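Trainee: The numbering of the sequence shown is my numbering, which starts it at 1 and goes up by one.
Simulated from the structure, these hints should not be mistaken for lab results.
Don't take each hint at face value.
[What the hints assert, rightly or not] Cut-off 30 Å, straight-line C-alpha distance, at most; resulting in silico cross-link-like pairs (DSSO-like, lysine-lysine):
hint: 1; residue 1: Lys10; residue 2: Lys78
hint: 2; residue 1: Lys94; residue 2: Lys68
hint: 3; residue 1: Lys78; residue 2: Lys102
hint: 4; residue 1: Lys94; residue 2: Lys71
hint: 5; residue 1: Lys78; residue 2: Lys56
hint: 6; residue 1: Lys10; residue 2: Lys44
hint: 7; residue 1: Lys10; residue 2: Lys94
hint: 8; residue 1: Lys56; residue 2: Lys44
hint: 9; residue 1: Lys68; residue 2: Lys34
hint: 10; residue 1: Lys10; residue 2: Lys71
hint: 11; residue 1: Lys94; residue 2: Lys78
hint: 12; residue 1: Lys102; residue 2: Lys71
hint: 13; residue 1: Lys56; residue 2: Lys102
hint: 14; residue 1: Lys68; residue 2: Lys56
hint: 15; residue 1: Lys102; residue 2: Lys10
hint: 16; residue 1: Lys94; residue 2: Lys56
hint: 17; residue 1: Lys44; residue 2: Lys34
hint: 18; residue 1: Lys68; residue 2: Lys10
hint: 19; residue 1: Lys68; residue 2: Lys78
[Claimed, not checked] Label pairs and their calculated CB-CB ranges:
hint: 20; residue 1: Ser11; residue 2: Ser91; range: 25 to 31 Å
hint: 21; residue 1: Glu98; residue 2: Ala18; range: 25 to 31 Å
hint: 22; residue 1: Asn89; residue 2: Ser11; range: 30 to 36 Å
hint: 23; residue 1: Gln33; residue 2: Val53; range: 19 to 25 Å
hint: 24; residue 1: Lys10; residue 2: Ser91; range: 24 to 30 Å
Computed from a prediction, not measured in an experiment: that's the story for all the values here.
Glycine included, every Cβ here is placed at the ideal spot set by N, Cα and C.
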Amino acid sequence: LENVFYTNIKSILNRLYAFDEEDYNRMRNINEQKNFSTEFIQTKMGIYNEYIVFVKEAIEDNEQILLKLDKLLLEISKFNSLEDGEIENMSAMKEIDELIGKTKFYK
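Taking the hints into account, I'd like the entire structure generated from these sequences.
Mentor: Here it is in structure tokens:
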């Protein structure tokens, strides 16, 4: 789980590093847009929007992981002692396992 969280952070940082904020702002400038065709601007902005959407989704994924960990801690704190196999049957643990299984889709 920790690996998934850090992998998401690494992916976010890589996208942020590759994102050209100066060019993005230039493409958004009405006066600069006059220098390029509409098709070029749409293509360029589409690429930048993909960066933005990816980062937002990755941040939301990490927030979901943190939320599920909070739920797990709450469930665990309700028990004075745990029987064998109880942790694996907790709904929060099942959700975490499900998230781990979905990590292959983020590569």
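Trainee: Evaluate each hint against the coordinates.
Mentor: Here's how the hints hold up against the structure:
1. Of the pairs offered as hints, the one joining Lys10 and Lys78 is violated, with about 34 Å between alpha carbons and a cut-off of 30 Å exceeded.
2. Of the pairs offered as hints, the one joining Lys94 and Lys68 holds, with about 10 Å between alpha carbons and a cut-off of 30 Å not exceeded.
3. For the hint linking Lys78 to Lys102, the alpha-carbon distance of about 28 Å falls within 30 Å, and the restraint holds.
4. This hinted pair checks out: Lys94 and Lys71 have alpha carbons roughly 11 Å apart, not beyond 30 Å.
5. Note on Lys78 and Lys56: the hinted pairing is violated, with a Cα-Cα distance of about 33 Å set against a maximum of 30 Å.
6. The straight-line distance between the Cα atoms of Lys10 and Lys44 is roughly 24 Å, inside the 30 Å bound, and the hint therefore holds.
7. Pair hint Lys10 plus Lys94 holds up; C-alpha atoms about 25 Å apart against a cutoff of 30 Å.
8. Between Lys56 and Lys44, the direct Cα distance comes to roughly 19 Å. Compliance with the 30 Å bound is thereby established for this hinted pair.
9. For the hint linking Lys68 to Lys34, the alpha-carbon distance of about 48 Å lies beyond 30 Å, and the restraint is violated.
10. Between Lys10 and Lys71 the CA atoms are separated by roughly 25 Å; this keeps the pair inside 30 Å, and the hint holds.
11. For the hint pairing Lys94 with Lys78, the CA-to-CA distance comes to about 17 Å; that is within 30 Å, so the pair holds.
12. The hinted pair formed by Lys102 and Lys71 meets the criterion: a straight-line CA distance of about 19 Å does not exceed 30 Å.
13. Proximity of Lys56 to Lys102 is assessed by CA-CA distance (about 17 Å); at most 30 Å being required, the pair is judged to hold.
14. For the hint pairing Lys68 with Lys56, the CA-to-CA distance comes to about 18 Å; that is within 30 Å, so the pair holds.
15. For the suggested pair Lys102 and Lys10, the alpha carbons sit about 17 Å apart, so the restraint of at most 30 Å is met.
16. Taking the CA atoms of Lys94 and Lys56, the gap is about 25 Å. The hint holds against a cut of 30 Å.
17. A hinted pair counts as satisfied when its Cα atoms are at most 30 Å apart, and Lys44 with Lys34 qualifies at roughly 14 Å.
18. Between the alpha carbons of Lys68 and Lys10 the distance comes to roughly 20 Å, so the proposed pair stays at or under 30 Å and holds.
19. Taken as a hint, the Lys68 and Lys78 pair is honoured in the structure, with Cα atoms around 16 Å apart against an allowance of 30 Å.
20. Taking 25 to 31 Å as the suggested C-beta distance range, the pair Ser11 and Ser91 conforms, at roughly 28 Å.
21. Evaluation of the 25 to 31 Å hint for Glu98 and Ala18 yields a pass: the beta carbon distance comes to about 30 Å.
22. Between Asn89 and Ser11 the Cβ separation comes to about 32 Å, which falls inside the hinted range of 30 to 36 Å.
23. Under the hint 19 to 25 Å, the C-beta atoms of Gln33 and Val53, about 22 Å apart, fit the expected range.
24. Between Lys10 and Ser91 the Cβ separation comes to about 29 Å, which falls inside the hinted range of 24 to 30 Å.
In terms of the numbered hints stated before, the structure departs from hints 1, 5, 9, listed from lowest to highest.
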